[in-house]
Amino acid sequence: MLTLALQTLKARKGGFVGTFVALLLGAAVLGACGVLLESGIRAGSSAERYAAADAIVTGRQEVELTLKDLDGSTLHESQPLPERVPLKASLAERLDRVDGVRTVIEDDAVTVRLADAHDRPVSGRHGSALQAHNWAGLRLGDFRLTQGHAPRTADDVVLDSDLATRAGVRPGDQVRLMTTSVPRTYTVAGLVALKDGRAPRQSVLFLSDAALRQLGPAVQAFGVLADPGTSPGRLAHAIGSALDDDHLSVHTGDGRGRAEFLDVVVSGSNLVVLAVAIGGNVLLIAVFVLYATTALSVRHRRREIALLRAIGTTPGQIRRMLASEAAVTALVAGALGSPLGLLLVHWLRDRFAGHGIVPPDFPLALSPLPFLAAILVTVLTALAAVLISALRATRIRPTEALGEAAVEPPGLGRGRRITGWVLVALAAGSFSTGLAQHADFFTLVSLANSLVLLLVIATAVLGPLLSRAAVRLLAPLLDRTGVTGYLAAANTRANVGRLAGAITPLVLAVSFASTVVFTQTTALRESSDQVRAGLVADHVLTAPGGVSPDLAAKVRDLKQVESATGLVKSKVVGAGQLLGAQEAVSLGAQGVDPGALGTTLDLHARDGDLSRLSPRTLAISTTAASWLGLGVGDTARLHLGDGTPFQGEVIAVYTRGFGFADITLDHDLLLAHTTQKTDASVLVRSADHADGLTRALSGLAAHYPGTVLRDGLAVDDQLAEQRANAWVNYLVVGLIIAYTAITVVNTLAMATAARRREFALLRLSGTARRQVVGMMRKESAVVVLAGVGLGTVLAAFPLTLVAIGLGGTPWPAVPGLGYLAIAGATAVLAVAGTMVPTRLLLRIRPVEAIGARE
Amino acid sequence: MLASRYAVHLTDVTKQYGEGPDAVLALDKVSAGIESGTFTAVMGPSGSGKSTFLHCAAGLDRPTSGEVRLGDQELSALRERRLTELRRTRIGFVFQAFNLLPSLTVEQNIVLPLRLAGQQPDDTWLRHIVDAVDLGGRLTRFPAQLSGGQQQRVAIARALVTRPEVIFADEPTGALDPETARDILILLRQAVTDLHQTVVMVTHDPVAAAHTDQVLFLNAGRVVDGMVGPGADRIAEVMAGLRRAV
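As you go down the protein sequences, you meet chains V and X in turn. Quick note: the first sequence, position 304, residue 304 per full-length UniProt numbering, numbers continuous. Quick note: the second sequence, position 132, residue 132 per full-length UniProt numbering, numbers continuous.
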């Protein structure tokens, strides 16, 4: 059977192009997702500051939640923590007593913002935040003093030479460092560099131990040097069993890099989630599309299969032949798709870095494994898709080989009609459920997605009915456009089934893309509306690297100011309720001074009283309320960004969670549990008599390098995460469109190619080439109008749900250009899929074409 | 039990399409026997049931009631898989057109039934039939490179390659010009006389039927007449009579 399959593939390349391209794209995307997955799992950079330690002890950077599953059993789920978990200094003594430990070195750190002598802010390499460490910790890593001397006095600082170059300073020059307040001036005592001379991944500063202590550092890690003869593995084991504390982790080897670079680990786990989501989506669409392309090629080979059956090919042999064809196509497509996937994954990495999803220098773990897996999955997908077509193929009766024309059974079977209307009823049901329920945004979005899927499948099932309706509407118009219009109208009337086959992929493309894209634009519109409406402060102070927390207090003391608060951002982790089961969720959190909350931010409480916010209470958004299953008066049990448990009473549920954060806590409480310990901005509400406030604020800001005064929150900054999220959704839509494009072009091109005899007949009976083109142009206009129109109508239902769920109005935000891009791209594909084959067919001499077999 | 003298034997075969008032009775209690080593034509006007007769006799379609025997084998007792294997090894087919797989060469098309059965072609036999149908120089060509008559020769060679008990031909000359048609009919005649094959051919052409040993006339699903060793003129007369009767 394999030889027969190979021969068929060789001879009938045209019929397999659609399947091949779909498989190629699938293999490329799956390979790329595989690389992202592996990179996410193995995320890590080789250690720099910790490279010389045999073992590193840090707090465990994840929190383990005990959750209830659907069946009532409990399970444990770990969620990564975004903020650095601090350690107790007393741990050093216990470590010292462990067998095999020679020396324990403490690594203390504090986040600083650096400015040069002219108060120009200097950011770390790749824009990362800078940390100052204790000089004693130098011994833990590969940094060596290359110029000058160690920091001796409380005013000395040592920079890595890459950072010094960017700041434009040399030993002896002065720099300014800012932590919680205004900057202090330090003298550059010396420069350090990595042993091998490359620039460090994260810029670093060292202060003398005494100088650092003044800045209120946190113990980040303990580095352990082993006794001679003790291997790192044994050392780690000894430390682990001696400490016996699951809030601590011991790292050796490559793990030391993960302990050092938290950003890589956090983005690695995000990447795993993204890769699985994108890959899963693509796999689902791939099966759909492949089913369509293989079904089409089987339908076009009906007579050939019937002949094979007549001369004694068993159904099993037909299935094996089709499976071999699919497997061979998939293998070739998979092999050719792999290099494409390699290009794609680099492009994706750059885009992810651009949207802040991964650090700019995030390394890809490249191994053949993801590509081999992608090829395997591609082959399996192709086989799964061909299985259904093969079942249909084996039902082809051998007598069909004897008939004059290969006709398909016309009309809509009863079963199909019933299925179609059941689907429509289901769709109507889920639409009205969505309208009736006060569900949160994400529930509504998933409801909207399943609704559009139901509608598209219903369209495919009821296709002939819908296209008959479309023909009834459009054919009279065509009739009025001369003889070519008359022919086109007659053709569409007579071939409702063919029209349905052409319309369905267009409906799929337009409705799916519109739903996903305009859900995002609607959400972004709602979010920015919320930011504008919710910010009642009239002045905002902000800085790219963060604002010193004492600035808010100083602003508050100005007599022209009614109230002011620092706005600090972080994340919290809690147990969410999703469809009856619990799941660990990470929610955005903001810290606001309770005294200034009402006058600077209007979060729009739906229930409760926001003024009761205190270090023991919290307010949550409607989304968070629905996810966590909490209401006013309930006790929330959460973990703050550094893993510290927090328990507090919910005092309010507010609606403006999209523009701001889902959890609102007391400012000082949240700030204490962040790594950076800075505010994102300071919100200022002026008093009634506020003469000279702007000048006063600018004056204050001048003391804090990098801090600028604005009259509102920058919406872009506020919604950066949502924008990144929207971008990922656009990416998925792009892939869906690419897939549907394959089906659109494949279906139309094959349908058109099958009409060569008809074209020949038309031309022999006196129809000019130009007139055939005109006829086909009008037919494709019907296809485009019906497909795009129906797709738009179908998308309106889920989008209405989303819009109501978001803002209460039934009108989604549909940017004209966005809609034009979706509808236009689909239309261009449909027209090209029809007109290019038409023109090619018209090049064949009609006399040859009419005599041609098949 | 004695070996049947018939290669194919139909007893009271009825074939009904559809149900209720729309039902069409394509064959109505047809009984007929085709003797081994004969060349038989099945004739009748359009809608007489001659194609259905062929489908049922060849195991391509199952009768609604009645019995079809191929040699000693009762076909209705067979499951689809066994029936397919039987078609592959014991029956040969020649259709009016679209006989060949376009992706296979002439030789590959000829030996396809053997390969489907997992057998090696017998080189002597293959060369013998290739010579008989006069395709020696074209074995590596593809069907699209052949004329209509040449394609039918390939189909006949494919039908012969398994040394079947019966070859069924459905309007094998329907798409050919008279001269080419004559060559094909001579070839089928040779298969019967030289290679001792049994051939059953459905046709509406009295000239084609004149090459056969016997003719069965069907009308409205029944066998209405039979002739042995007829001439084209007499066949045409009977056919004209049948048409008038309709």
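It is possible that part of the hints are untrue.
[Said to hold, decoys possible] For the chain X half of the interface with chain V, some residues (derived, Cβ under 10 Å), not all of them:
1. Ser65
2. Val68
3. Ser76
4. Glu80
5. Thr84
6. Phe93
7. Ser103
8. Leu135
9. Gly136
10. Gly137
11. Leu139
12. Thr140
13. Ala159
[Said to hold, decoys possible] Derived Cβ-Cβ restraints for the label pairs, each shown as a range:
14. X:Gly136 to V:Arg777: 46 to 54 Å
15. V:Ala821 to X:Ala117: 55 to 63 Å
16. X:Ala144 to V:Ala821: 37 to 45 Å
17. X:Arg81 to V:Gly482: 55 to 63 Å
18. X:Ala117 to V:Ser765: 42 to 50 Å
Keep in mind the hints are simulated off the structure, nothing from the lab. Yeah, the Cβ is synthetic: ideal placement off N, Cα and C, and Gly gets one too.
Against the structure, the hints:
1. Ser65: With a minimum Cβ separation of about 19 Å from chain V (threshold 10 Å), the hint on Ser65 of chain X is violated.
2. Val68: violated (15 Å)
3. Ser76: Violated. Min distance 16 Å.
4. Glu80: holds (7 Å)
5. Thr84: holds (5 Å)
6. Phe93: holds (6 Å)
7. Ser103: holds (3 Å)
8. Leu135: violated (18 Å)
9. Gly136: Since chain V brings no Cβ nearer than about 22 Å to Gly136 of chain X, farther than 10 Å, the hint is violated.
10. Gly137: Interface hint status for Gly137 of chain X: violated (21 Å vs cutoff 10 Å).
11. Leu139: violated (15 Å)
12. Thr140: violated (13 Å)
13. Ala159: At 8 Å from the nearest chain V Cβ, Ala159 of chain X passes the 10 Å test, so the hint holds.
14. X:Gly136 to V:Arg777: 46 to 54 Å: For Gly136 of chain X and Arg777 of chain V the Cβ distance comes to about 51 Å; the hint holds.
15. V:Ala821 to X:Ala117: 55 to 63 Å: holds (56 Å)
16. X:Ala144 to V:Ala821: 37 to 45 Å: Holds, at about 43 Å.
17. X:Arg81 to V:Gly482: 55 to 63 Å: holds (56 Å)
18. X:Ala117 to V:Ser765: 42 to 50 Å: holds (47 Å)
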